[in-house]
Amino acid sequence: MKTDALIKQLSSNAKATRLYGSPGALLAPVFALSVVISFVFLYLFRGGALLPWTEFPPASVLEFGAVLGIALSAAHLAATLAIPGRTIRPALAVLAVSCLALGAVLIERALGDSSGRWSDFPAAMFASVCARDILITAAAAGVPLFLMAGKGAVLRRKLAGFLLVLSSASLGAVLLFLFCERVDAAHLVFCHYAPPAVLSLAGIFAGRVLPEI
Amino acid sequence: MAGVASECSPVPFQPASRGGGNEARVQDIPNPPDFLETDPSLPDLMRKAQAGDSRSYETALREISRMLRPFLRSRLRDPDAQEDLLQEILLSVHRARHTYDSSRPFAPWLHAITRYRLIDYLRGAKKRNKEIADDSVMETLVARDFSPSLENMEFLKEALFRLPENQRRILELTILEGRSPREAAAILNISSVNARVISHRARRSLGVILKELGYEDGRIDQTTLF
Chain A
1 MKTDALIKQL SSNAKATRLY GSPGALLAPV FALSVVISFV FLYLFRGGAL LPWTEFPPAS
61 VLEFGAVLGI ALSAAHLAAT LAIPGRTIRP ALAVLAVSCL ALGAVLIERA LGDSSGRWSD
121 FPAAMFASVC ARDILITAAA AGVPLFLMAG KGAVLRRKLA GFLLVLSSAS LGAVLLFLFC
181 ERVDAAHLVF CHYAPPAVLS LAGIFAGRVL PEI
Chain B
1001 MAGVASECSP VPFQPASRGG GNEARVQDIP NPPDFLETDP SLPDLMRKAQ AGDSRSYETA
1061 LREISRMLRP FLRSRLRDPD AQEDLLQEIL LSVHRARHTY DSSRPFAPWL HAITRYRLID
1121 YLRGAKKRNK EIADDSVMET LVARDFSPSL ENMEFLKEAL FRLPENQRRI LELTILEGRS
1181 PREAAAILNI SSVNARVISH RARRSLGVIL KELGYEDGRI DQTTLF
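Protein chains in written order, with the working numbering: chain A, 1 to 213; chain B, 1001 to 1226.
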C-alpha cells in the first residue's frame, strides 16, 4: 500500500480518542486498587490475623519504606514506559535507592542474625506460606497494573512486564509486614524478598501480553 | 522547553557509515535535538486529531512523513524498505496517538516511536538476510520473465499444494495476487505480525520443497514433478 493511501485511510477513520493522561495521575487510583486487592487476599489467607502496630520495631521502618519505594517506583516506571518519549530517570533513581536501602538493611540483619537458619534454603522458600501469599497477591494485584499499562503505548514490553510484576510482588512483601511476625534475616530474604525478585524475571515474559503498537 | 533539555543528552550526530550492504547501527540513532526539527504546529494538529478532526490528522501525518523521509534515507539504502518502515512508524503513531500530551514537545514522543521501529527493523534485517537465500528460488520462479508454461505452473501448484493451508494461502495472496502483508492479514483475519511470521515460514518451507522437486538454476527436473 502506498504511504499516501495509508495516510488517507488512517485520517478518514480518525475518531476522538480518550487521552491516556500523565503517569502519576493514572497510577494513583490503580496502585490504591492493587493495595486493596493485595490486602484483601492476605487478610483472607491469614485468617484475619493482623499484627498489632505497637509491635512494629523501629529498624523495620526503613525496611518497610524501602520495599514500598520499590513497589511504587516500579509501578511508576511502568506507567511512564506506557507513554513514548517520557524520561524514566527520576523513578529509576528512586528504585535504585530503594533497592540499595533494602540491601543495606538485609545485610545489617544478616550480620546480626545468629539463628543459623540460612541452611534451610531453598526448602524455606518453596515451602513458605509467605512466599505462597506473595505469589498469589502478585497475580491478583498485577491485573489492574497490567490493564493500566496495556491502555497506553508500551514500546519496551519486556521491561514493562518486569517492572509490573516487581511492583505487584513487592506490594505483597510490603503488606506482609502487617501479618508476618518473623524478623530473622533468612526468612526475610528467602520468603519475603527472593520471591518478588524471581517473579519479576517471569514478568519479562508476561510483558508479551501488553499490546504492541 | 527545559523539560526537553533534561530528557535528551546532547549527543552529536554521527551519520551511519555506508559500507557495502551495511545498514545503520542501533548506536548511530541520535537523540531528538539532532534528530528532528518538528513543525511547531504539530502539537496543535495532534490535539485536534485526538479530538477527531480528520483534516488536522491528515496534515499531521503528512508532516510527520515529510520529516521522517530524510532521516530514513540516511539510515536505509533500499527505497522500498524506507517506505515500509515509514508506514510502520505511521501505524505506530496512529495506535499510540492517545498517549501524546499536546502541552509537551512533540519531538521526543515521535523520536521514541521512530527509534523503536527502526531498532525493530534493524534487528529483523539479520533474519531477512538469511531469508533472501531462501527467497531467491521463489523470486526467480515468480519473476516477470517466468514463462507461464503448463509445466511451470503445475510445478508451482505442486509446490504450493505441499504447504500447510495457512502458509499456502498467505503465499497465494502476497506473491500470486500481489497483495501487501497487511492486506493479506486483513483478508485472513489475523494480525500483521502473525501474517509476517507465517509468510516467513512459508517462504522457507517453499524453498525447501522447490529444491526437493528439482528446481535448480531455472531448470525443472520433470521426473521429480509428481
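It is worth saying that the hints were derived from the structure and are not from the lab.
Be a bit skeptical, because a hint or two may be false.
Derived DSSO-like pairs: lysine-lysine, alpha-carbon spacing no greater than 27 Å straight-line [claimed, not checked]:
| hint | chain 1 | residue 1 | chain 2 | residue 2 |
| --- | --- | --- | --- | --- |
| 1 | A | Lys15 | A | Lys151 |
| 2 | A | Lys8 | B | Lys1048 |
| 3 | B | Lys1048 | A | Lys2 |
| 4 | B | Lys1211 | A | Lys15 |
| 5 | A | Lys2 | A | Lys15 |
| 6 | A | Lys151 | B | Lys1048 |
| 7 | B | Lys1211 | B | Lys1157 |
| 8 | A | Lys158 | A | Lys8 |
Comparing the hints with the structure gives:
For the given pair, Lys15 (chain A) sits about 17 Å from Lys151 (chain A) by alpha-carbon distance, which is consistent with the 27 Å threshold. For a cut-off of 27 Å, the pair hint linking Lys8 (chain A) to Lys1048 (chain B) stands: about 16 Å separates their Cα positions. Between the alpha carbons of Lys1048 (chain B) and Lys2 (chain A) the distance comes to roughly 25 Å, so the proposed pair stays at or under 27 Å and holds. The hinted pair formed by Lys1211 (chain B) and Lys15 (chain A) fails the criterion: a straight-line CA distance of about 50 Å is larger than 27 Å.
For a cut-off of 27 Å, the pair hint linking Lys2 (chain A) to Lys15 (chain A) stands: about 22 Å separates their Cα positions. For the hint linking Lys151 (chain A) to Lys1048 (chain B), the alpha-carbon distance of about 21 Å falls within 27 Å, and the restraint holds. Proposed proximity of Lys1211 (chain B) and Lys1157 (chain B) is supported: the alpha carbons are some 14 Å apart, at most 27 Å. As the CA atoms of Lys158 (chain A) and Lys8 (chain A) are separated by approximately 33 Å, the hinted pair breaks the 27 Å bound.
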